[in-house]
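Novice: Counting from 1 along the sequence shown, just add 174 to a position and that's the residue number in the working numbering.
It cannot be assumed that every hint is accurate.
Label-pair ranges, simulated between beta-carbon atoms [said to hold, decoys possible]:
1. ASP296 x ASP238: 39 to 49 Å
2. PRO209 x CYS237: 20 to 30 Å
3. ILE191 x PHE228: 14 to 24 Å
4. GLY204 x ASP238: 44 to 54 Å
No wet-lab data here; the hints were simulated from the structure. Beta carbons are placed, not taken as given, at the ideal position from N, Cα and C, and that holds for glycine.
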Amino acid sequence: MLQYYLLVFFISMVPVIELRGAIPVGLGLGLEVLPTYLVCVVGNMLPVPVIYLFARKFLIWGCDKPLIGKICKFFIVKGEKAGRALEAKAGRGLTIALLLFVGIPLPGTGAWTGTLAGSILDMKFKDVLIACMGGVLLAGVIIGLASAGLLGALSGFFAVG
């Protein structure tokens, strides 16, 4: 059982997959919902300070390197694009907008991209941390409910006709 919790913990740390992939895996392995949720939230949040403090510097450094240059440029462009779009829409409510960006489980959103965007926008670490934590908690609830089948059951219950 411990190895399954470790598995979902590490899956939730992987960029793009994050807890959005880890929660369904954990529930598919027969783990309980609440412990799986908590383990995945911790795993998803663990890289946030490292990303905030070092990712931007590493990506800028790696842009002109032969093996990693294209990947680094891709992530810088993606982070800048997401950050600028978020900033243009949010104005002064940037922290809330970042929380929603991280929290709505769509491809390309999540703690990794949100933290990188916050870093590129020179947001305060505290604001990025609050937004990412809130977003990860929200995404975890949405994915947990969807994985447990509650959203499907509710939609059938409220279906018209």
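Novice: Hint by hint, note whether the structure agrees.
Specialist: Going through the hints against the structure:
1. In this structure the hint that ASP296 and ASP238 lie 39 to 49 Å apart at CB is violated, the actual value being about 23 Å.
2. The beta-carbon spacing between PRO209 and CYS237, approximately 41 Å, falls outside the hinted interval of 20 to 30 Å.
3. In this structure the hint that ILE191 and PHE228 lie 14 to 24 Å apart at CB holds, the actual value being about 21 Å.
4. For GLY204 paired with ASP238, a C-beta distance near 48 Å keeps the hint of 44 to 54 Å intact.
This entry does not satisfy hints 1, 2, going by the numbered hints stated previously.
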